[in-house]
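Here are the chains, one letter per residue:
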Amino acid sequence: MRGDASAGLSMSGISHAFGEHRVLNDVSVDVAPGELVCLLGPSGCGKTTLLRIAAGLEPLQQGRIAVDGIPIAEGGKPGALPPERRGIGLMFQDYALFPHRNVRDNIAFGIDKSKGGRRSAWIDDALAAMGLTRFADAYPHTLSGGQQQRVALIRALAPGPNILLLDEPFSGLDVTRRAQIRTDTLEFVKKTGVATLMVTHDPEEAMFMADRIFVMNEGVVVQDGSPVDLYFQPASAFVAELFGPVSRFTGTVRHDEIETPLGTFSAGELAGGSAAEVMIRPEAFRLAVEGSRPQPMPGDPENLVIAPAPLEVVTARPLGRSSFVQLKLNDGRTIDTRVPGTFLPGAGSKVLVGVNPRLAHVFTVPSAR
Amino acid sequence: MVTRAATTPGTGKVHLRLTSWGVASLGLTLVFLAPILSVFIAAAGDTGDLWPHLFRTVLPRYIGNTLVLMAGVACISLLFGVSTAWLVTRYAFPGRRVLEWMLLLPAAVPTYLIAYTYTDFLEYAGPVQQILRDVFGWQSARDYWFPEIRSMGGATLVLGAVLYPYVYMMARAAFMLTPASLFEVGMLAKRSEFWSVGLPLARPAIVAGLALVMMETVSEFGVVEYFAIETITLGIFNVWLGMNSLPAAAKIASVCFLFIIALLAMEILARSRRRFINTSRKSASLPLQKLSGGKALLCLAACLAPIVIGFVIPVGVLLNFVLKGYSLEFSNAQLSAAWHSISLAASVALLIVASASFLGFVAHYQGGKWLKRITAVASMGYAFPGTILAIGVITAAGTLDDGIAAIMDGVFGITYHGWLTSGVGLVAVACAIRFQAIGYGAVTTGLGRLPPNMMNASRVLGRTFAGSLIETILPLMRLSLITGGLLVFVDVMKELPMTLLLRPFNYETLATYVYQFAKDELLEQAAMPALFIVIVGIVPVVLMNATLRR
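Line order of the protein sequences matches chains A and B. Residues 1 to 369 (this note's numbering) are what the first sequence spells out, left to right. Residues 1001 to 1550 (this note's numbering) are what the second sequence spells out, left to right.
No wet-lab data here; the hints were simulated from the structure. Glycine residues also receive a C-beta, built at the ideal position from the N, C-alpha and C atoms. Check before you lean on any hint, since a few could be wrong.
[Unchecked claim] Pair ranges (Cβ atoms, derived):
no., chain 1, residue 1, chain 2, residue 2, range
1, B, Ser1272, A, Gly131, 37 to 43 Å
2, B, Ser1272, A, Asp125, 49 to 55 Å
3, A, His141, B, Leu1474, 56 to 62 Å
4, B, Glu1184, A, Ser226, 28 to 34 Å
5, B, Ser1181, A, Phe238, 37 to 43 Å
6, A, Ser28, B, Arg1373, 34 to 40 Å
[Stated by the list, open to error] Simulated pairs of lysine-lysine, BS3-like, Cα-Cα distance not exceeding 30 Å:
no., chain 1, residue 1, chain 2, residue 2
7, B, Lys1369, A, Lys77
8, A, Lys191, A, Lys77
9, B, Lys1372, A, Lys77
10, A, Lys113, A, Lys190
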């Protein structure tokens, strides 16, 4: 983690409480210029509060915030900069466009009047880049959700902030339009070279947008790293489950291994005798009809974990590029698998099951909460 | 890092600014509360043996009369308000849409005007008794009995006739908001739609409306004075002006506090319970039941009756005078009264819009739980009768004057005679305190309707708090503020007791002008000003109706 002397946004040791209710506990996040960092977590995990503290909309209670190495607020000390003097742009979840100003006036609102001329050309370019030129004189309520989102983004960037905060920027959008707008937003933000901190509860969105992701739960950062790190090396069951559905098996660690109905997995460094669970992603499964052996896919390690006995197929459905196959364990539980291509064994037939161990994560089971 | 963040103080500049806005807010709140508190200061004054005497002789009568009047007006308001609200929300009959808003019209008639006009309408020489004599051939008052309007019963009727719209409005809104599904459940269970579904669900709203009606009744001055019903409010007035004892009047006012507190509690309780009901999702309302023939006529009559009693007759009497050519000369006295009314109402409206905006904005954007509560208390004046506020304002101003006089004399050696205890300014301040709630209500509703994050967006985009208020919040709040100001304007135009008690010598508003003539039984001479007050009073009715339609 970088110190205060570096460029970008640095928040360290942030703790915050609303009355008795603790929402942030010693959280540290930093964003370098040109970097996009996502705060990812379920609602109520404190991520939006952190954003509001950075913007100065919520007073800082504990910790310190610096922009480009210059402290702008320190918990418990006077002299915190008010929001209007922080040079931080914020795009609100509900966009918060001023209903009484047209698109151009909304965007120009935050621009210092002394540099009006220079920025006016910037507005024209930004509107053009976002395909909004002909809406410059329109009022916000006449625009579609996607258009409002883009206006809000341009407005947040118009004053030329060093830091940009995005609060759930795509949550108000139609699912069908989300992908396109996400791409446009990413491109636009990256072009400005601003240090961006974005809040989202959608793991897929975070993986698409972020250079680094900070996963938050109940007021603390539980893991941070690149999207690939988090997906392939989740540090906890919470993180593993966040990035997609898993099948869970519990057992006890013996001789550095843990046994499941799907085979024996390496328990890594977990102590012998401790309770552990194995989480397996649907796409970790390699299936084969009876009589043949499950084969590793390109990128898989040589040795798959092979289930000791074939499993009965409950149902198999085509999903286009992949197939969904539900299997039944001997104890009656079902597991969901997703295999590439079209693989549709008949219900009631048996298949042999292999698992890519890199997509199976082993964690200790917390003894008591 | 296990220290409790909750106890860590907020930081620096933001915090400091917060307090300076907050302190200004608290100061302003104190100005609004000072007169109310001053009543107690005044009550502590020496009354000699007047108070024990009053306490034994007249006070029980004042309290008894007040209670009887409150109960009577409540009954009439319930009868008129709830029944008509049910009819117009549940049944389709000819004229329903027009009646729906015309039922609010009686609210445009100030209570004192309906008292004056009914007296004229029902007196021996009035049209009703004349027609009766013509029809039945009676020769004189000895030949028949006719009820006296200037009585407790008469006061109950006329007050109920113009105050029931409070109940009507609340009940109608509650009936409209009750989800159709609940009525359908009731119908399936073969239960009465009204008694088992509509009324129980609307009860908190109706009680809240009723509390307002009773507050108005306790505060009532014009009617009880004209009809000589000795209620507490009239008692305060009489003891102050008649016996010339402000301390004794203030002591009676303190007794009146008990009534006000009880009614305030009733209103607040009802409002808090109403919230549970209104949280239901926006749901389709039940289609109206079509009525025809006799039933439709009956509905029509039931809805017309309150309108005729509360609006058509009083306005008819005034119109009749005007059409006969009375009070059309537009004398200087009339014009100056009109000017006084308009200028006073406009200044109070501006004063209230400014103070309510300031208090509302600061509490909303910078205030914690406590600042919000305390600022809301600044609007308490609406619950207090004008006569009580008048005592408070004059006591507070007197205290201030004495202080200034002492300083002027002691420090500068100048003799100061005290200018604060007389003058139009006092009337304006009293009105501002009494009607603050209207402005504050408009501001808080307006703030509630603003899109979220407007202030935050403005701050993040580089505006200071004050800058954001001016450039972002004020333009967005324009309509709410104009509405609030307009409502205040009309209420000040109608105001009578505080103006009467506090005005400088020879300063007449339209209300006091009408009062003077009515007192001398020369209402016809002031018919035009009276009519003007009613016409202005229709403005809020139109506004209320518009909000109800939304």
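Status of the hints after comparison with the structure:
no., hint, in the structure
1, B:Ser1272 / A:Gly131: 37 to 43 Å, "violated (50 Å)"
2, B:Ser1272 / A:Asp125: 49 to 55 Å, "holds (54 Å)"
3, A:His141 / B:Leu1474: 56 to 62 Å, "violated (20 Å)"
4, B:Glu1184 / A:Ser226: 28 to 34 Å, "violated (57 Å)"
5, B:Ser1181 / A:Phe238: 37 to 43 Å, "holds (41 Å)"
6, A:Ser28 / B:Arg1373: 34 to 40 Å, "holds (37 Å)"
7, B:Lys1369 / A:Lys77, "holds (24 Å)"
8, A:Lys191 / A:Lys77, "violated (36 Å)"
9, B:Lys1372 / A:Lys77, "holds (26 Å)"
10, A:Lys113 / A:Lys190, "holds (26 Å)"
Violated hints, listed in ascending order, are 1, 3, 4, 8; each of the other numbered hints is respected by the structure.
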